[in-house]
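Visitor: Residues per chain are reported as follows:
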Amino acid sequence: DVQLVESGGGLVQPGGSLRLSCAASGFIFSDYWLSWVRQSPGKGLEWVANIKDDGTKKFYVDSVKGRFTISRDNAKNSLYLQMDSLRAEDTAVFYCAREKIATASAFEIWGQGTMVTVSS
Amino acid sequence: DIQMTQSPSSVSASVGDRVTITCQVSQEFSHYLNWYQQKPGKAPKLLIYDASKSETGVPSRFSGSGSGTEFSLTISSLQPEDIATYYCQRYGTFGGGTKVEIK
Chain A
44 DVQLVESGGG LVQPGGSLRL SCAASGFIFS DYWLSWVRQS PGKGLEWVAN IKDDGTKKFY
104 VDSVKGRFTI SRDNAKNSLY LQMDSLRAED TAVFYCAREK IATASAFEIW GQGTMVTVSS
Chain B
17 DIQMTQSPSS VSASVGDRVT ITCQVSQEFS HYLNWYQQKP GKAPKLLIYD ASKSETGVPS
77 RFSGSGSGTE FSLTISSLQP EDIATYYCQR YGTFGGGTKV EIK
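Heads up: the sequence lines are chains A and B, in that order.
Quick note: to get the numbering used here, add 43 to the position in the first sequence (first position is 1).
Quick note: to get the numbering used here, add 16 to the position in the second sequence (first position is 1).
Derived from the structure by calculation, the hints contain no laboratory data.
Keep in mind that the hints are not guaranteed to be accurate.
Listed below are several chain B residues computed to face chain A (Cβ distance under 10 angstroms; list not exhaustive) [what the hints assert, rightly or not]: (1) Tyr48; (2) Asn50; (3) Lys58; (4) Ser79; (5) Phe110; (6) Gly113; (7) Val116.
Beta carbons are placed, not taken as given, at the ideal position from N, Cα and C, and that holds for glycine.
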């Protein structure tokens with residue numbers, strides 16, 4: 044089965060750091076762009092960052108530029124999101140998602156999500 | 017920045033009704049628009065991509081149309097299992113969501 048499984052969420056203090064991981068299985072990982080999408084409690088979806096299939100291109104939403112870093116290890120079929128200088132407004136469920144090839148980033152496969160809470 | 021405005025923000029309809037959700041985009045960009053369904057506590061699910069192409073396994077009562085700046089998602093006959101929030105999206109921008117409820 045094609046699957047994405049996130050991990051690494053938790054409670055962190057403002058200004059702290061957290062590293063999310065997303066383990067992929069059931070498909071050729073290195074063929075796909077991948078994204079992180081988040082959802083604050085009771086709010087809508089917000090795209091956070093994405094990374095090209097070979098890792099050579101990365102894009103971020105303005106609100107996380109300079110604080111978050113997306114990366115991937117194609118040998119380990121894993122996607123990561125390093126989050127530094129965390130703020131209360133970063134509290135959200137974070138999903139990793141696979142982008143459908145040759146589309147406007149249609150997110151065809153999603154993980155179950157991992158909760159990040161930024162609070163003192 | 018591209019803005020995507022969904023309407024209505026919520027809709028209440030009876031089982032069997034036709035429901036249409038609209039997504040208006042601030043910049044014209046051909047046919048690239050995707051639609052998702054999200055049920056409470058669950059990850060979103062891709063329904064429609066490239067404005068009108070159905071994702072594998074999506075019931076035929078869901079359809080998408082539009083181009084340019086105005087797009088729509090239609091549920092031809094609302095079913096109880098369709099209760100969810102629906103989002104439009106293109107690249108890094110999502111619409112605000114439309115909550116669909118049963119009357």
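Visitor: Evaluate each hint against the coordinates.
Guide: Each hint tested on the structure:
1. Satisfaction of the interface hint for Tyr48/B is found here, the shortest Cβ-Cβ separation to chain A being roughly 3 angstroms, below the 10 angstroms cut-off.
2. The criterion of a C-beta within 10 angstroms of any C-beta in chain A is met by Asn50/B, whose closest approach is roughly 4 angstroms, and the hint holds.
3. Look at Lys58/B: its Cβ gets to within about 8 angstroms of chain A, closer than 10 angstroms, so that hint holds up.
4. The beta carbon of Ser79/B comes no nearer than 16 angstroms to any beta carbon in chain A, farther than 10 angstroms, and the hint placing it at the interface is violated.
5. Because the closest C-beta pair between Phe110/B and chain A is about 5 angstroms apart, less than 10 angstroms, the hint holds.
6. Annotation: Gly113/B was flagged as interfacial toward chain A, and the flag holds, the nearest CB pair being 5 angstroms apart, inside 10 angstroms.
7. With a cut of 10 angstroms, the hint placing Val116/B at the interface with chain A is violated, because the nearest CB-to-CB distance is about 15 angstroms.
Hint check: violations occur at hints 4, 7; the rest are consistent with the structure.
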